[in-house]
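A.B. asks: Sequence:
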Amino acid sequence: MDMLPVEISPMPETLRVGAEEAVVLATSAETGGDLFAVELRMPPGGGPPVMHRHAPSEVYRVLSGEFTFYVTTSDGKTTRRTAGAGQTVALAGNTPHTIRNESTEPAVAFCVHAPGAAMEGFTRAAAALAATGAPTMQDVLEVAKQNGIELLGPVPS
Numbered sequence: 001m002d003m004l005p006v007e008i009s010p011m012p013e014t015l016r017v018g019a020e021e022a023v024v025l026a027t028s029a030e031t032g033g034d035l036f037a038v039e040l041r042m043p044p045g046g047g048p049p050v051m052h053r054h055a056p057s058e059v060y061r062v063l064s065g066e067f068t069f070y071v072t073t074s075d076g077k078t079t080r081r082t083a084g085a086g087q088t089v090a091l092a093g094n095t096p097h098t099i100r101n102e103s104t105e106p107a108v109a110f111c112v113h114a115p116g117a118a119m120e121g122f123t124r125a126a127a128a129l130a131a132t133g134a135p136t137m138q139d140v141l142e143v144a145k146q147n148g149i150e151l152l153g154p155v156p157s
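The sequence shown begins at 1 in my numbering and counts up one residue at a time.
One or more of the hints may lead you astray.
[To be verified] Label pairs and their in silico Cβ distance ranges: (1) Met11 to Ala92: 32 to 38 angstroms; (2) Ser157 to Pro44: 19 to 25 angstroms; (3) Ser157 to Ala29: 37 to 43 angstroms; (4) Gly133 to Gly76: 18 to 24 angstroms; (5) Ala29 to Pro156: 35 to 41 angstroms.
Calculated directly from the structure, the hints in this document are not laboratory data. Every residue, glycine too, gets a C-beta built ideally from N, C-alpha and C.
Please construct the entire structure, taking both the sequences and the accompanying hints into account.
C.D. replies: What follows is the structure, given as structure tokens:
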């Protein structure tokens, strides 16, 4: 079995997208493209404003606070699930979803995307856009499209 060398980064990189922070724990390059792992830090009221889908699967392990997941099943029904510290939520690739912090406290989760390149590319491009000021919706749509992320619209009520 081929093995990648173990790399330990002394100081993790932090990418800021909106009010959220993604502390990079493992890059796609470090994992041969298999994974992109981050510590996701989300303030109250944070999270993507729309439902979306992408090929990579995701696993979230909530470390503190709570996250609310909206997931649309194959029958078109959207469910709401809140996960607190110690709970894990797995999302299969191409599942319409979004994640939010609907609580009054900050929330932190360990998150892994597999494969990693699409989500890492989007996160880095969105952080670069945000660093230059408030991006336009057209800019966000273009960055999402370039990284294989389909924005689907608001969370169904």
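A.B. asks: Determine for every hint whether it applies to the structure shown.
C.D. replies: Results of checking the hints against the structure:
Checked against the hint of 32 to 38 angstroms, the pair methionine 11 and alanine 92 passes, with Cβ atoms roughly 33 angstroms apart. Against the hinted window of 19 to 25 angstroms, the Cβ-Cβ separation of serine 157 and proline 44 comes to about 21 angstroms, which satisfies the hint. The given range of 37 to 43 angstroms is respected by serine 157 and alanine 29, whose C-beta atoms sit roughly 41 angstroms from each other. A hinted range of 18 to 24 angstroms for the beta carbons of glycine 133 and glycine 76 is inconsistent with their spacing of about 37 angstroms.
Between alanine 29 and proline 156 the C-beta distance comes to about 37 angstroms, which sits within the given range of 35 to 41 angstroms.
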